[in-house]
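Novice: In case you want the letters, here they are:
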Amino acid sequence: MKPVTRIHSRTAVLPDENIDTDRIIPARFLTTTERAGLGKFCFNDWRYRQDGSDNPDFPLNQTEAHGCSILVVGRNFGCGSSREHAPWALLDYGIQAVLCSEIADIFRGNALKNGLLAIVLDEAEHRWLLRNPGIELSIDVREQAIELPDGGRIGFQLEPFARHCLLNGVDQLGFLLQHGDAITQYEHHQEKAA
Amino acid sequence: MSARTLFEKIWDAHVVAPETADTPAVLYIDLHLVHEVTSPQAFGELRARGLKLRRADRTLATLDHSTPTLPPAASGERPYANAEAKAQVAQLETNCRDFGVQLYGWDSSDRGIVHVIGPELGATQPGMTIVCGDSHTSTHGAFGALAFGIGTTEVGHVMATQCLLQRKPKTFAIHVDGKLPRGVGAKDLILHIIGEIGVDGGTGYVLEYRGEAIEALTMEERMTVCNMSIEAGARAGLIAADETTFAWLKGRPRAPQGAAWDASVQRWRELRSDEGAKYDREARFDASQIRPTVTYGTHPGMAIALDQPVPAARNPVEQRALDYMQAKANQPMQGTAVDVVFIGSCTNSRLSDLREAAGVMRGRRVAKGVRVLVVPGSEAVRRDAEQEGLHEVFLAAGAEWRIPGCSMCIAMNGDLAQPGQLVVSTSNRNFEGRQGKGARTVLASPATAAASAIAGAIADPREYLTEVAA
Numbered sequence: 001m002k003p004v005t006r007i008h009s010r011t012a013v014l015p016d017e018n019i020d021t022d023r024i025i026p027a028r029f030l031t032t033t034e035r036a037g038l039g040k041f042c043f044n045d046w047r048y049r050q051d052g053s054d055n056p057d058f059p060l061n062q063t064e065a066h067g068c069s070i071l072v073v074g075r076n077f078g079c080g081s082s083r084e085h086a087p088w089a090l091l092d093y094g095i096q097a098v099l100c101s102e103i104a105d106i107f108r109g110n111a112l113k114n115g116l117l118a119i120v121l122d123e124a125e126h127r128w129l130l131r132n133p134g135i136e137l138s139i140d141v142r143e144q145a146i147e148l149p150d151g152g153r154i155g156f157q158l159e160p161f162a163r164h165c166l167l168n169g170v171d172q173l174g175f176l177l178q179h180g181d182a183i184t185q186y187e188h189h190q191e192k193a194a
Numbered sequence: 001m002s003a004r005t006l007f008e009k010i011w012d013a014h015v016v017a018p019e020t021a022d023t024p025a026v027l028y029i030d031l032h033l034v035h036e037v038t039s040p041q042a043f044g045e046l047r048a049r050g051l052k053l054r055r056a057d058r059t060l061a062t063l064d065h066s067t068p069t070l071p072p073a074a075s076g077e078r079p080y081a082n083a084e085a086k087a088q089v090a091q092l093e094t095n096c097r098d099f100g101v102q103l104y105g106w107d108s109s110d111r112g113i114v115h116v117i118g119p120e121l122g123a124t125q126p127g128m129t130i131v132c133g134d135s136h137t138s139t140h141g142a143f144g145a146l147a148f149g150i151g152t153t154e155v156g157h158v159m160a161t162q163c164l165l166q167r168k169p170k171t172f173a174i175h176v177d178g179k180l181p182r183g184v185g186a187k188d189l190i191l192h193i194i195g196e197i198g199v200d201g202g203t204g205y206v207l208e209y210r211g212e213a214i215e216a217l218t219m220e221e222r223m224t225v226c227n228m229s230i231e232a233g234a235r236a237g238l239i240a241a242d243e244t245t246f247a248w249l250k251g252r253p254r255a256p257q258g259a260a261w262d263a264s265v266q267r268w269r270e271l272r273s274d275e276g277a278k279y280d281r282e283a284r285f286d287a288s289q290i291r292p293t294v295t296y297g298t299h300p301g302m303a304i305a306l307d308q309p310v311p312a313a314r315n316p317v318e319q320r321a322l323d324y325m326q327a328k329a330n331q332p333m334q335g336t337a338v339d340v341v342f343i344g345s346c347t348n349s350r351l352s353d354l355r356e357a358a359g360v361m362r363g364r365r366v367a368k369g370v371r372v373l374v375v376p377g378s379e380a381v382r383r384d385a386e387q388e389g390l391h392e393v394f395l396a397a398g399a400e401w402r403i404p405g406c407s408m409c410i411a412m413n414g415d416l417a418q419p420g421q422l423v424v425s426t427s428n429r430n431f432e433g434r435q436g437k438g439a440r441t442v443l444a445s446p447a448t449a450a451a452s453a454i455a456g457a458i459a460d461p462r463e464y465l466t467e468v469a470a
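Chains as they are written, first to last, in full-length UniProt numbering: chain A, 1 to 194; chain B, 1 to 470.
None of these hints come from the bench; they were simulated from the model. Check before you lean on any hint, since a few could be wrong.
[What the hints assert, rightly or not] Looking from chain B toward chain A, a few residues come up when the C-beta cut is under 7 Å (computed):
1) Val-16
2) Ala-17
3) Val-26
4) Tyr-28
5) Ala-85
6) Gln-88
7) Ser-135
8) Cys-163
9) Val-199
10) Arg-235
11) Met-412
12) Phe-431
Glycine included, every Cβ here is placed at the ideal spot set by N, Cα and C.
Only chain B is shown next, with the shape it has when bound in the complex:
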């Protein structure tokens, strides 16, 4: 057989019926992740057609998007944004009960953001096909799984048949050589890449991140990178599984155990792009040249180093974006006054992200007038962080320590910014109004977000790291 890419190996292994000129391939899905927002209409479709959910054992559900991040009142009543949000959560509880799907719900010590708990539970494994009615499903590609977001109609398809109709996407290799400098992390790397290839540079492609700098990343960092593949228009991003992956997965509740583990690892080792495999497109980056990076406009492709001047608008749409952001051409984003800092989301809410932010905030105070929300990605992250005392660091600094959920990333649970407020956010989208109508979002790493909270203005985290070292 000719040399194949990692993507092609996973694709080939999941074809139930090959594509023809007239029909797409029937592709088998190993794991279906479900949450409250994009599933109710799909469950409704199953009921309307009298269909069963084919593989409840390959389906896993959680509550994350519409859920409040403040604790329940003494009565036990949770502070939902509105009655509809509460009803939506209740609907998923009913649907999971009716269709036999395991729900990591309010009573579960494993509940959390769907893309945080899938890996944590060991449900996400190399070589799998994974889907969810959520575009950040690309996160799971960090494990060498083909993972992508789908719409609600397709959620229904997977529920009924465990399959999807798909045309084969093209492949795009992103090579990253060199080593990331100190104080520069995975978030800076992916923002830089999107800034270079553009917000639609990956449309029609599956990305494969490779090279020395990628291999050096931890699993959490790889998840941050793959998470934002969709922000370049790519439905999926992949990183080949290696010893880092295996060490991270071993012993997790849903990972294979004993002899099955050894056999799995042996199989997973084959899941790499072959020498000489051809990609439809390739790009190359030098990690050593990357600096702390932030966005300055209203999509993630408008990203620059925080000390680099904002480029002048090349057209009316870019001008509108600068006006909306109140960003000034030829001036850097560094120094821009900050109103809110959000540390959380499926991009950056894992223990390592919280450690990074706490490292900057330890022994310091949040600047006067700045509101800081720290929202762990899952109950497990919350537990581990509290065990280490990270919550005390945040609380002592003047930040809020919340209950896990998507929170201000999508701002549909009541956690949001006011019109005109500038939010430095560790999330993934800086679209107009994403974090509240009229709110201005600057995407950044946890270190940059924490430094900005302390400074009261967009700040270079490296200055804070030096102080700590001294």
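Next comes chain A alone, as it looks inside the complex:
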């Protein structure tokens, strides 16, 4: 995994609450055995019209949203299934950060493990960002701060280990594998107790 230290982009806004993982990537695209190439299906049934052309009503199809890699979304983003295809699709579509006052648990964990910043903000800050689309933000992972164009800053908290992995471009499996002996010991203990 590549380190994720800073993301700089204009924001695009999807204000709907409860955008579920079926909307992020419908289940019929889950028959793949790969991680790559899911961006073309991201928000598929919202993004395209019946004839396959772009749906002009989908906020991310609008000209001002093009090239935006920071997404401000309505509350409870990513609810529903555990499919990791949701963050894979978002990243492949060009999204690098999702900002919200509440993000569904499984989605948030999956996102951070793939280098997609899933950042939880206070309600007031979230509301302000929802109302002000298209502003330039710079997200500093090390400082856990979002820098605003006027010099203001919004602080946020990432789970410390997830942050460590993002900054160093390492994944969690390496850390887990270091616990091999402790796991073996636990298993012996468990078998004796049974």
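For chain A, the structure is supplied; the task is to place chain B on it using the hints.
Specialist: For chain B alone, coordinates are given in the frame of chain A:
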């Protein structure tokens, strides 16, 4: 030691390395359930890193999501939705062979939906930690196990280390007093609870369902309740194991036998929240006040009694949901015309669910123009149902009787509804497009789904029960 909740007891017993400010806990996983959709990339990761699967004996795989529910052709060829689905199933067969994982596949008489067969086989046991790359893993919490869904990266973690990195979630007690009225079941109860606490009311928490009404539930009903914990945002839902649990598990193939059984039951009896244990949040419900409940919007939190008027939208998102559903504010869902009825899924596809639906449909005919799919949760359920002649009840009524699988719950195997069609479904999610692009889903109990199939419109099952009694 101070008073602990059931969740804390299970958590504490599985900590390999405690959490610190910098790192999450290393939590041991007793049982890993695997299916074809969320595992291929994890097996791929093991291969890429040259890692072994640590505990094949604690891993169990099945085919359920991408599998067709229509029988194979005379040639033996199965009617997959597409070549990719077929390849995905073949990939799991290869992966299980290569890594020594037992697969309950096409040739197994125990194949079925992963959350149906885990308990059926007795693999699901009280006090265990259970994970699967599937959010409805919460189902297994019905046995007093800490069970939750994980992503594919974590599937790889469990394969390689039998452990996960986890921060300790908060606890939320859901007390349900009283007794459910006749004709009102576990599905109505959980839809009501989600309607009250909201689609994100459980985010960050593990739920523990407790109280008189919960203790009175059968294991199948408890599974229905715990299954939908994730629809309130909670990764896991728990019910303490009791005599009902032990009686249900005893003698199942993977359950402990003989002296080991007695020792296990003794240990399992300790797995209850202590008197005075503190929860981070609590809510209380009265079961006697609950009526047959359905959803009216596009998430499971938009749930009301079927004879209650649909609430007016409070914001543009809710209005969009009502528009999508073609639901009218101030009118009840009861009476809404139905196109498709789906009876199945890890929420409601067990023998008791099929009996409930058959009880309503026996001697009746499905309304003209309504398509009804009945999909048993496993080969074992299918066998038992056919032994009782339930399939004949469904077929005589004009319903389709299918091969076990997830089918129209996730609609990725070709079983789906057409744009605009209204589906009364015993599954767990009514998200936009969940059962087919543009399809409108109303979640309901098996009894309500069956009554709606007969009436051709969303109907109150209690009216049908009365007729049967008379």
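Novice: Does the structure break any of the earlier hints, and which numbers would those be?
Specialist: none
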